[in-house]
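A.B. asks: Sequence:
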Amino acid sequence: IRNLRSHPASSSVVMVVTVVLVVYSHNLAIGVLAGVLLSGVFFASKIAQIFGVHSEASEDGRARTYHITGQLFYASVERFNAAFDFKEALDAVTIDVSRAHIWDISSVAAVDMVVLKFRREGTTVTLVGMNEASETIVDKLAIHDKPGAMDQLTAH
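Okay, so the sequence shown: first residue is 1 according to the working numbering, each after it adds one.
Hints are supplied without guarantee of correctness; some may be wrong.
[What the hints assert, rightly or not] Straight-line distance between alpha carbons at most 30 Å, and here's what the computed BS3-like set of lysine-lysine pairs gives:
{"id": "1", "residue 1": "Lys46", "residue 2": "Lys140"}
{"id": "2", "residue 1": "Lys117", "residue 2": "Lys46"}
{"id": "3", "residue 1": "Lys117", "residue 2": "Lys140"}
{"id": "4", "residue 1": "Lys117", "residue 2": "Lys87"}
{"id": "5", "residue 1": "Lys117", "residue 2": "Lys146"}
{"id": "6", "residue 1": "Lys87", "residue 2": "Lys146"}
These aren't lab readings, by the way, just hints derived from the structure by calculation.
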């Protein structure tokens with residue numbers, strides 16, 4: 001107990017919640033399950049904070065490159081979507097994910113939405129730098145590179 005203040009707050013909370021639930025319920029499984037779930041929530045929150053998007057315009061102002069850094073998954077999708085300006089008059093957008101990893105269906109859907117929104121505005125979009133694992137999940141789940149993708153965007 002004396003180490004609670006010296007450990008990270010999230011670890012201390014997980015430990016206290018686990019112990020309290022085990023003592024209260026007399027069931028170790030409930031305490032462990034709660035601890036594992038709480039640890040997962042804290043981990044997702046922590047990893048989502050290590051995510052960023054920065055952009056740079058071309059010299060003529062007609063193109064923009066968005067550099068994505070970190071883990072793109074359900075907890076970082078909102079920040080990903082908010083980073084793009086779809087109303088900026090651009091001929092081309094490059095989304096560089098060479099310093100990012102795309103993890104789940106939520107992140108693939110976010111990439112789809114961004115690409116298709118830019119295309120709806122008449123902007124050419126190029127997605128570059130995917131690692132092998134990200135490319136596998138995007139190839140399997142994405143719609144932005146499939147025929148009729150724009151029709152699916154307008155259906156939502």
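A.B. asks: Does each hint fit the structure? Answer for all of them.
C.D. replies: Hints, one by one, checked against the model:
Annotation: proposed proximity of Lys46 to Lys140 holds, straight-line Cα distance about 28 Å (limit 30 Å). At roughly 29 Å between alpha-carbon atoms, Lys117 and Lys46 fall within 30 Å of each other, so this suggested pair holds. For the proposed pair Lys117 and Lys140, the alpha carbon gap of about 20 Å is at most 30 Å, so the pair holds. Straight-line distance between C-alpha atoms of Lys117 and Lys87 comes to about 10 Å, which keeps the hinted pair within the 30 Å bound.
For the given pair, Lys117 sits about 15 Å from Lys146 by alpha-carbon distance, which is consistent with the 30 Å threshold. A hinted pair counts as satisfied when its Cα atoms are at most 30 Å apart, and Lys87 with Lys146 qualifies at roughly 24 Å.
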